[in-house]
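Asker: Below, each chain spelled out in residue letters.
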Amino acid sequence: MGLLEAIIISVIAASTPLLLAAAGELVVERSGVLNLGSEGMMIMGAACGFAGAWLTGSTFIGALFGIAAGCALSLVFATLTLGLAVNQVAAGLALTILGVGLSGLIGAGFVGEKITPAPHLYLPGLTDLPVVGKILFGQDGFVYASVVLVAAIWWFLYRTRAGLVLRAVGDSHTSAHALGYPVLKIRLLAVLFGGGCAGLGGAFLPLAYTPFFIPGMTAGRGWIALALVVFSSWMPGRLAAGAYLFGAVTILQLHAQAFGLGIPSQLMTALPYLATVIVLVLISRARGSAGSVAPASLGIVFVPDR
Amino acid sequence: MQLVLEKRAERSTKIAIASPLIAIALTLVTMSILFAILGKNPIAALIVYFVEPLTDSFTLMEIAVKATPLVMIAVGLSLCYLANVWNIGAEGQFIMGAVCGSYLAVVTNGTDAGPWVLPAMLLMGAAGGALWALIPALCKVKFGANEILTSLMLVYVADLIMDYLVRGPWRDPKGMNFPTTASFDPVATVPTLFETGRIHWGAVVALIVVALATVMLGRTIKGFEIRVVGAAPRAARFAGFSSNRLVLFTFAISGALAGLAGIIEVAGPVGVLQPGISPGYGFTAIIVAFLGRLNPVGILIAGLFLALTFIGGEGAQISMKIPLDLTKVFQGILLFYVLACDSLILYRIRLIATAKKASHGVA
Numbered sequence: 000m001g002l003l004e005a006i007i008i009s010v011i012a013a014s015t016p017l018l019l020a021a022a023g024e025l026v027v028e029r030s031g032v033l034n035l036g037s038e039g040m041m042i043m044g045a046a047c048g049f050a051g052a053w054l055t056g057s058t059f060i061g062a063l064f065g066i067a068a069g070c071a072l073s074l075v076f077a078t079l080t081l082g083l084a085v086n087q088v089a090a091g092l093a094l095t096i097l098g099v100g101l102s103g104l105i106g107a108g109f110v111g112e113k114i115t116p117a118p119h120l121y122l123p124g125l126t127d128l129p130v131v132g133k134i135l136f137g138q139d140g141f142v143y144a145s146v147v148l149v150a151a152i153w154w155f156l157y158r159t160r161a162g163l164v165l166r167a168v169g170d171s172h173t174s175a176h177a178l179g180y181p182v183l184k185i186r187l188l189a190v191l192f193g194g195g196c197a198g199l200g201g202a203f204l205p206l207a208y209t210p211f212f213i214p215g216m217t218a219g220r221g222w223i224a225l226a227l228v229v230f231s232s233w234m235p236g237r238l239a240a241g242a243y244l245f246g247a248v249t250i251l252q253l254h255a256q257a258f259g260l261g262i263p264s265q266l267m268t269a270l271p272y273l274a275t276v277i278v279l280v281l282i283s284r285a286r287g288s289a290g291s292v293a294p295a296s297l298g299i300v301f302v303p304d305r
Numbered sequence: 000m001q002l003v004l005e006k007r008a009e010r011s012t013k014i015a016i017a018s019p020l021i022a023i024a025l026t027l028v029t030m031s032i033l034f035a036i037l038g039k040n041p042i043a044a045l046i047v048y049f050v051e052p053l054t055d056s057f058t059l060m061e062i063a064v065k066a067t068p069l070v071m072i073a074v075g076l077s078l079c080y081l082a083n084v085w086n087i088g089a090e091g092q093f094i095m096g097a098v099c100g101s102y103l104a105v106v107t108n109g110t111d112a113g114p115w116v117l118p119a120m121l122l123m124g125a126a127g128g129a130l131w132a133l134i135p136a137l138c139k140v141k142f143g144a145n146e147i148l149t150s151l152m153l154v155y156v157a158d159l160i161m162d163y164l165v166r167g168p169w170r171d172p173k174g175m176n177f178p179t180t181a182s183f184d185p186v187a188t189v190p191t192l193f194e195t196g197r198i199h200w201g202a203v204v205a206l207i208v209v210a211l212a213t214v215m216l217g218r219t220i221k222g223f224e225i226r227v228v229g230a231a232p233r234a235a236r237f238a239g240f241s242s243n244r245l246v247l248f249t250f251a252i253s254g255a256l257a258g259l260a261g262i263i264e265v266a267g268p269v270g271v272l273q274p275g276i277s278p279g280y281g282f283t284a285i286i287v288a289f290l291g292r293l294n295p296v297g298i299l300i301a302g303l304f305l306a307l308t309f310i311g312g313e314g315a316q317i318s319m320k321i322p323l324d325l326t327k328v329f330q331g332i333l334l335f336y337v338l339a340c341d342s343l344i345l346y347r348i349r350l351i352a353t354a355k356k357a358s359h360g361v362a
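Chains as they are written, first to last, in numbering that gives the first Met the number 0: chain A, 0 to 305; chain B, 0 to 362.
Please keep in mind that the hints were generated in silico from the structure rather than gathered at the bench. Here a beta-carbon is modelled for each residue, glycine too, at the ideal position from N, C-alpha and C. Some hints here could point you the wrong way.
[Stated by the list, open to error] Restraint-style ranges between C-beta atoms, simulated for each label pair:
(1) K173/B to L251/A: 48 to 54 Å
(2) Q256/A to K173/B: 43 to 49 Å
(3) A218/A to T110/B: 35 to 41 Å
(4) I21/B to P118/A: 25 to 31 Å
(5) M175/B to P263/A: 19 to 25 Å
(6) P278/B to P263/A: 48 to 54 Å
(7) K221/B to A5/A: 26 to 32 Å
(8) P263/A to K221/B: 52 to 58 Å
(9) K113/A to A35/B: 29 to 35 Å
(10) N243/B to Q256/A: 45 to 51 Å
(11) P263/A to K13/B: 54 to 60 Å
(12) I46/B to Y157/A: 55 to 61 Å
(13) A107/A to I21/B: 51 to 57 Å
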């Protein structure tokens with residue numbers, strides 16, 4: 000396997016959890032809800048995903064456990080922000096704190112355990128193709144799921160009536176409500192979907208990335224996923240580009256450390272976080288004159304009047 | 000039947016006072032269930048968590064030691080949140096305060112520097128925290144970058160800066176290769192209040208911070224400005240209050256307080272700069288700020304309560320083998336209940352018949 004091929008494969012692997020979680024969050028934010036609990040839902044997805052796979056021996060069931068864990072946490076978030084009109088920023092933070100704690104409790108019994116990592120696709124002939132074979136036809140199910148997910152979200156948002164309604168709810172909940180659309184119900188579904196995606200993204204880490212669970216293994220990926228949504232200007236195509244860019248920065252950092260360029264390893268480790276800040280600044284600045292492209296109702300509490 | 004929220008004509012004062020208490024009661028019930036799931040006797044566990052630390056003068060002082068940084072950080076954060084500015088990177092500002100203040104302690108270590116060292120360290124700590132906090136504030140004001148994400152990303156960067164320093168240039172040559180600076184000299188150490196115990200003058204500083212914040216919020220134009228910009232941004236614009244200036248101001252103050260808490264922590268109870276100086280004070284302080292209803296005196300009480308959970312959690316881990324992560328679960332659940340109960344100050348929950356809904360069309 001050539002070096003370039005190896006690098007591309009590792010970039011894809013590093014990007015996939017970001018892409019999965021960010022894609023879900025994009026739909027949530029398009030519906031006008033800001034769920035800052037990504038990190039908590041991802042780490043719970045990781046803990047429960049590993050537990051599921053370890054108990055059943057199946058990566059697929061593990062992934063389902065991860066999705067279920069993300070959905071369950073997001074349901075708590077939805078109950079508070081949609082049902083009780085609680086401030087979304089504060090509730091999202093609470094969700095992260097809760098998720099980190101709960102995952103530690105659940106995962107404590109699994110630290111040190113190992114599972115078989117997710118199987119990779121193998122198509123005789125195609126997978127053996129030079130350079131592109133492994134990249135296109137030799138990935139695990141999570142990678143294909145993430146690509147399909149982003150494409151499906153694009154199609155849903157821009158090519159279906161339901162997607163149009165979801166965007167309308169996110170841009171003006173008052174108007175959507177006046178037109179008779181069930182704003183809170185639509186948002187509930189979006190939040191649950193986002194929770195499931197974050198849980199799946201988290202589950203990718205112990206099921207495919209490293210075949211074991213360590214507490215706090217998401218290491219801020221949930222927050223980077225949130226930044227990616229802003230970076231993408233809430234557009235699925237740009238989101239995928241952004242996720243792979245960030246994956247590339249992460250891998251670049253690892254390789255630079257291996258080459259030992261005399262740069263402190265801490266500086267290299269800080270790169271993805273610094274890159275997030277710089278990218279946010281550049282994107283916001285470029286947008287400055289044109290006005291914000293964020294969903295207009297993003298983060299605003301909605302209480303329907305009867 | 001369907002539950003809906005209905006806006007109250009005015010804020011309910013009764014619930015405003017009762018809501019943190021209801022939230023704590025609900026949390027205790029939830030915790031009891033969790034203890035039972037973990038196979039522990041809920042009553043015994045709750046006693047270890049919340050009563051035992053209060054029965055011993057040593058643990059009482061430890062509670063004050065833990066509450067000191069929580070209260071100082073949370074008071075700063077409450078100013079931000081009141082003004083609808085979302086600084087959630089206090090953990091990073093805490094670390095940068097500790098790093099900047101420690102610089103003096105490291106360079107004067109072993110010299111016969113005078114008693115000016117500690118005050119200078121405190122000033123540098125506050126300045127370091129404030130400058131670190133001004134990065135996301137400036138990014139927001141100048142470029143419109145979301146301060147939630149930028150302030151949080153800088154937490155990881157601050158942590159890595161400290162890690163680099165204590166493993167590299169600042170490492171104690173006699174420290175057996177442990178990532179830590181040399182122990183601070185007595186002139187670079189916050190003195191303790193009493194002969195025994197670890198409670199130190201930082202606790203007094205925290206009380207002064209609470210008093211100053213109470214005066215500022217209740218009695219000064221700046222305090223009024225913070226509340227107006229947060230509660231009614233349009234009215235604030237008409238009054239000529241600049242929201243940009245307020246973003247810079249609240250970030251700088253909260254960063255300075257977090258930085259001060261950081262340097263007091265390393266120059267006080269810890270005594271050296273090393274990784275892991277904070278068990279997540281900057282994040283727990285967010286809960287403290289909300290539990291204290293964004294009010295300085297409320298924050299003092301909430302800070303003591305959350306400090307109790309840290310100490311109780313450690314006790315429960317030792318005596319009952321309850322995992323330490325349960326403390327985080329507890330804190331998360333508490334914040335949820337606090338937020339939910341706060342909602343009842345502004346809204347009342349009404350049960351309406353679904354049949355009625357049909358006649359009204361889509362609700």
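Asker: If a hint holds in the structure, say so; if it doesn't, say that too.
Answerer: Status of each hint after checking the structure:
In this structure the supplied range 48 to 54 Å is violated for K173/B paired with L251/A, their Cβ-Cβ distance being about 37 Å. In this structure the supplied range 43 to 49 Å is violated for Q256/A paired with K173/B, their Cβ-Cβ distance being about 29 Å. At roughly 40 Å, the beta-carbon separation of A218/A and T110/B lies within the given 35 to 41 Å, and the hint holds. In this structure the hint that I21/B and P118/A lie 25 to 31 Å apart at CB is violated, the actual value being about 50 Å.
Under the hint 19 to 25 Å, the C-beta atoms of M175/B and P263/A, about 22 Å apart, fit the expected range. About 25 Å separates the C-beta atoms of P278/B and P263/A, a value inconsistent with the hinted range of 48 to 54 Å. Between K221/B and A5/A the C-beta distance comes to about 57 Å, which lies outside the given range of 26 to 32 Å. Here the CB-CB span from P263/A to K221/B is close to 41 Å, at odds with the stated 52 to 58 Å.
The hint said 29 to 35 Å for the Cβ distance between K113/A and A35/B, and at roughly 31 Å that hint holds. In this structure the hint that N243/B and Q256/A lie 45 to 51 Å apart at CB is violated, the actual value being about 40 Å. The hinted window of 54 to 60 Å between P263/A and K13/B holds, with their beta carbons roughly 57 Å apart. With their beta carbons about 58 Å apart, I46/B and Y157/A fall inside the hinted range of 55 to 61 Å.
Between A107/A and I21/B the Cβ separation comes to about 31 Å, which falls outside the hinted range of 51 to 57 Å.
Of the hints listed earlier, those the structure fails to meet are numbers 1, 2, 4, 6, 7, 8, 10 and 13, in rising order.
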